[in-house]
Every structure is written in C-alpha cells, then in structure tokens.
Amino acid sequence: MNLNWRSMYRKIAVLAAIVIGIIALLALPERQQNIAGWLVSTTMQMATPLVLAGIGGMYSERGGVVNIGLEGMMLMGAFTGAAVTYYVRNPWIGLLGAIAAGGLLAAVHGVVCVKFKGNHIVSGTGVILFGTGFSTLMLQLVWKRQGQGELIRDTIPDIVIEPLRGIPFLGSAFSVISPVVIFMFVLTAASWYILFRTPFGLRLRAAGEDPSTLDAAGASVEWTRVIGVIISGCLAGLGGAYLSIGYGSAFAKEMTGGRGFIALAAMIFGNWTPTGVLGAGLFFGFLDGLNYFIQIYFPVLLPFSNYIAMLPYLLVVVALGLIRKSVPPKGIAVPYEKERRG
Amino acid sequence: MTEPIESPSQNSEDSSRIDEFIQQLIGKLTSRAFKNQVFWSLGSIILALVVAAVIMLMGGYNPGAAFLWLAVGAITQMDQVLWYASPLILAGLSVALAFRCGLFNIGAEGQLYIGAMATALVAFLFSFPIVIHPLLSLIIGVLAGAAWAFVPGLLKAYRGAHEVVTTMMLSYAAILFTSWLVGPNGPFWDGSMVPQTPRFKDTALLPLLFGNYLHFGFIIALLAVIGVDYLINRTVLGYELRAVGHNVDAAEYAGIDSKKKIVTALAISGGLSGLAGSTEIVGTYDRFIANWSAGIGWDGITVAVLGNNNPWGVLAGGIFFGALKAGGNVMQTLASVPVEMVKVIQGLVVLFVAAPRIISWLMNHTQSNREDVINRPMKTLPRLLSASFGLASVFLGLGVARSIMLTATPNLMTTIAAIILILVAVTGVLVFIADYSGDPRGSTILLIITVGWLEAAIAFFVGGGGVEFTSISMAVIAFVFWLSMRILAKNASEEGDIQ
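First to last, the sequence lines map onto chains A and B. Counting along the first sequence from 1, when you hit position 41 you're at 41 in the numbering used here, and nothing is skipped either side. Counting along the second sequence from 1, when you hit position 11 you're at 11 in the numbering used here, and nothing is skipped either side.
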C-alpha cells in the first residue's frame, strides 16, 4: 500500500512537471521555443550513443556478466563503421560492420568471462585497452594519418519530416531526425518487451539472478550469458558508429571520450531497466546539450563553461544520494559452475 | 636522533626475527601458489605477445624489430620506466585497496586531480623550509583526495548509491572544477595563454633520484606498497575490510560495522589516489596545468587488476606498464611501429591475465594430445592436422584480407570478401579450439569454414578481383578434412557398435 502511494506521487509529480513544462514552453516567444526545440534535438543526439551502449550493458549485466568494456566496444564500432563506410560508400553496411565488430570484441569478453571463468572486471579492462589501442592503430593504417581519419561523405542520412517543419517547437526538435535516434526509442520499447515478456528475457534474467535455477530448468547458462554479452557488444558498436558516421563524419582517436563509462553510469542510474537507462541517458545527453547551449547562446558565460559543466555531475551525485538505491542482479560477476566444488 | 641503547638480548631477538622473516620470504617465493602466479603471468605475457605479433604482421610491421626495440628501450631507460611507474603504482594501490573491500573506485582520476590541486595550492601559495614544504603539500594532497572519495563512501554506505556512478561523476566534476580554477577567470590562473597555476616555490619540488626523470615519488610509491600490504594483511582494519569485501552479510554477522568500513576503505583509496597526483605534480611538473594527467587514474585500474589487487602485484604491474610505455616510445622511433601498439599489447596481456584457465586449458590438452599421438595415432593425427589447419586459416584469412584491401580497387564486393575472410579467421580459431580439445563439433565448424573460404573467393571474383587461388585451395583442403573427419567418426561409431 505504502509503495503504491509512493508510485502514485511520483506519477503525479512527473505529470505535473510535463504539464508545467508545456505551459511554460507555450508562453515563450517563437524564437525561444525554437531554441528549446534545438536543445531537445541536441539532447536526443547526445543521448543516443549513451542509451544504445547503456541498454547493451544492461543485456550483459542482466545475464550476470559485468561489462565495463563498453568503451572499447564503442571505439571498435566507431572505427569499423567509419572504415567500412569509407571503403564501401554505404553507411548501412558500415553500421552492420560496426555491429559485427562490437559483437566480436564482446564475444571475446564473453568467452573469457563465461567459458574460461575469468574475472569480469579484469577482462573488461583488457577489452577497453585493446579497443582503444587497436582502433587508433588501425586509424593510422587505413587513413595513413594520426589523430583523425578522413572526412566521410556518405554518413547516415537524416530523416526529414516535412509536416513538422513550420511548427515552432516541434519543427526544430523533431523535423530532422537521425534514424539511429529513432532506433534508440524503438530499442528501449523492444528491450522492455524482450526482457520482461519473452522466454529469452526470462532466461537472461534468471542467468543473472539465480543461474542454478536456469540450469535446473534445462537451459544453458553459458550460452544465455554469452548471447547477452554479444548483444551488448553489438549495441555498443552501433552507438559508437553513430558517433563516427551519424552525428559526426570521421573517426578520431579515442573519439568516444569516456562515453562508454557514462553509459555504464546511465545503466546503473537507470537501475538496469530499459526505460530507466533511456531516462538516465537522456538526462546525461541533456547535460551535454546544455553545455553546447551555453557556449552558443550565452557567450558571456564562456569563461565559466568548465564550472557550469561541472555542476550537473555534482547534481547527479546528489540525486543518487537522495533518490534511490541501486540493486544490481544478484548473480552478477559470479562464474557459474555446475556442481560447484565445495 | 638518539636511540636508547638496546640490550644484547633484544638484539639477538631482532636478528632471529630477521631470519624468520627471510625464511618466510623464501617460503613464500618457493611456494606453489607463487610459482603458479609467476607461471601464469609469464604465460599470459607470452600469449599476448604472440597475438600482438600476428596483429603487427597483418599491419605490415616487423614484430621482431618491434619487440627488440621495446625491450631495449625499457632496459636502457630504467629511470623513465620507474618514473612512468610511480604514479601508476600509487593509483593502482588505490583501486586495489577499494577492490579488496568490494568497491570499484573507478573515479581514481578525479581524486588524483583534487589531490594534485590541493598540493599545488600549498606549493605555490605558501613558503616553508625545504623538507617540510613538500611533506606538508603531499599531506594536504592526500587529505584532499581522501575527502573527494569520502563523499561517495558515505553515499554508498548510508544511501546505497552505487560507487561506480558517484566516483565517476565526481571524477568528471573534479577535472572540470580544476580546469576552471586554473583557467581564465579562475582564481588560480597565472594570466598566461595556458590554463595553469603560477610556478611552484622551489622548496616544494621533490628531488630527482637518478636520471632525468625519476623523482622521489618512486620511493613514496614503494613505501606505500609496503604500507598497504601491512594494512591489508597485518592489521585488524585490513582484516575487516577484506571481510566486508568477501561477504557483507557475514561480516555484519561477525560484528563488523560494514558501513564504516566502506567509508574508511574509499577514503583511504582516495587518499592514495590523491598521493599519486600530489607526488606527480610536485615531482614531474612545476605547476598545475589543466588536464595534465593523461589517464593515470584509468591506468591505475588496469594496474590493479593486473596485479590481482595484491600490493606487490600492483608494484610489478606498474613497473611492467612503465616499461611498456618507456619502451613504446623507442619502438615508435626505431621500429616505426605506432606507440598505440603498446596499448594493444597491454589489453591483450590483461585479457589473458583475466582467464588463467586459457593457459591451463592449453597445457592440459597439449598433455593429453601428446599421449593420444603415441597411443592412437590414426585417430589423433587427422584431428591435430585439422587444428593446425585452423591456425593456418587464421593467418591466411587475415593475410588475404589485408592484401585484398591493399591491392584490389575497394568496392562493395571486395570489401565483403575481406569481411568474410576476417570472419573465416575467427572461425579458424574455433576450429583450432574444437579440434585441439577433441570436441565432436569440430567437423561442423570445418564445413562452415569451407563455405566461408568459398564465399570469399566468389565475392572476390564477382567484385572483379579475378580468381583468388588461396581461398579456393583452402576451401578444398577444409572440405577434405571435413570428409576425412566424417569417415573417421563413422568408423569409430561402427567400431563402437561391434564392441
């Protein structure tokens, strides 16, 4: 009963916030509304790699394998996406390559963690180092330069929604949108369905919570976990590719800039649920967007940009302290051994 | 310093203690666990170097020259090696200590920045005599780092906020905050073009030990290793931290206040990170420059996991990383292999360290295969040949993919051929694994690799690259292997039926 009231309050609060937001938005003059729309669109763009990798990490950790290697997988995806697109001149094949590359690196992590029962954090650290080093090395081999690869012209084309064009807020927010951004929302819904409404999702969660039950039910814990890890790598690779051939248009050395770790934080902040990860990812994306917003629209504050950029991170810490307890899956990071030797 | 004169009896007791200690040390060094540890570490490094050599060959570099100059660079520049190593050791100790208490201090980088900033303030704002000044500034740095990690500790213990998120967020906050402090309009900016503080007072700088780089920070790192080892293994607090790390519930049941221990562990961990930043800023630099640390805190995580969260392991891991860094620069200039190769090697080493069972798997199957070759050669030899065919597929697949990308005009089909070849190489690894361990699924994988080689040849032909003989012959060989394996399996099952 108590819990019910709490969730009611929360729902009412969210609803009230949305209503107040819409009213405030409508009260603004048109130019400001467009700026707000721009902020929304930037938020979604910045959130996309975080949410993709974060939901990926969720698949891995729900299955019981800690995946701190998201950063390395994103970098592999970013590089492969850019390189394949550079050669083939087709961004979609580039995306496929990025997904494969991320999945491949994740498969290594999965095999090391599940088959050879290695330490998940050690292996994840190895994946980060390998992904960072290998992508930079290949950058020099493919483009014969250092730091940044050649500009890629055939990036993922944006979808233009004509009817929204003229409308003040919606026009600047949603009229030009990348298919990957749309995929982010689709993925969130699909992941929720997969995780909580399909047999595979049930198995995955069982592998993370209580593997011996899954084993008793006759499913393979090892395969379930490895598949979870591979999915996480594919999604992280896709998120990385969005940076190099979607939002940006070249691969640069270490271009993810710690987004893999932020995605990890978003996953924990979102309490290992798809919707939670989406919310946390959008929030972190909003922080990035806000930073650009200040740089463009309030150049007076430019000298303080570092200071202002710091505040949201502190806010996250305060929010985490105030709001909720994070509860990871129970069997996480514990290798499963049939008939464990006493 | 005047020590009280010791009585002879005490003296002899001391010497017997030293004997005992040496005995213990020898016992430890010759123990099975230690030997295994060394064996596994060396095995991981060798395997990592082999894989790295393959990558270098595919990239068109000369692995022999690369490894030679890497080793020469590391050995001839011991001062640089230890200089690179000292902050890594301290940061590694910080992460390792937190790990022992079951906490993942991913934000060592931020604690390092805050520690360095606090040290910098003492170093350029105040004047003290020679020894006191660095000592005081280091202590302030440690306290600042500890304070920065104390907050996540409190949040973790009393509010259940996950330390990975809080320490990382505070880490980004610290980097941005210090950048603002020393940047234009910040209170500690020196007014130049670069975001940095004024120069430190000379009294604050740490002395050099030898060479051009190595400063007193290395001695501090060594002392910290001994201190952390003592803390973890010889004190009540250390025991309690480890108990909490093992099992919080059991620790609580034994009367340990796990919340306090979590806070303490993170605070000490932050203090060590702060010390890493402090020694580096007054040892190597003479002012605080924004974003000065190139990921020392992140490398600290790697060093900690490489050293298995054991202080002495962290020491070895830190020196190993320092050697790779120092040698990597030489490798880049003299063998013209990009310094990023070092990162690849580091990653591979860590991956192999993560799974000691890979090495024991290899050892076990080598042993059983050797016996099988002697006892039942007719059954084992085709299997082993097929395993070596898998390895050959790895090399040839990557090699042909590389030559396609370099020579042929890149179009859709040739790129697809290259991608298929890379997948073939991955399948080759699977063939090796399956056939080397005698897994019956080996023949199925052989069929897959046959199809892969064929597809690559077809894609290359369609893409206008002409006929690619290597792929076709590999496909034929794979098919022959598959057939012979099938026939052997059939014979074996018939034999089984008769028996």
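Certain hints may be false.
Said to hold, decoys possible - Computed cross-link-like contacts, EDC-like style, restricted to lysine to aspartate or glutamate with a CA-CA straight-line distance of at most 20 Å:
(1) B/K379 <-> B/D286
(2) B/K28 <-> B/E252
(3) A/K115 <-> A/E337
(4) B/K201 <-> B/D286
(5) A/K330 <-> A/D210
(6) A/K330 <-> B/D249
(7) A/K115 <-> B/D439
(8) A/K117 <-> A/E222
(9) A/K330 <-> B/D229
Quick caveat, the hints were computed from the structure, so don't treat them as lab data.
Now for the hints, and whether the structure bears them out:
no., hint, result
1, B/K379 <-> B/D286, "violated (69 Å)"
2, B/K28 <-> B/E252, "violated (32 Å)"
3, A/K115 <-> A/E337, "holds (10 Å)"
4, B/K201 <-> B/D286, "holds (8 Å)"
5, A/K330 <-> A/D210, "holds (7 Å)"
6, A/K330 <-> B/D249, "holds (14 Å)"
7, A/K115 <-> B/D439, "holds (14 Å)"
8, A/K117 <-> A/E222, "holds (10 Å)"
9, A/K330 <-> B/D229, "violated (31 Å)"
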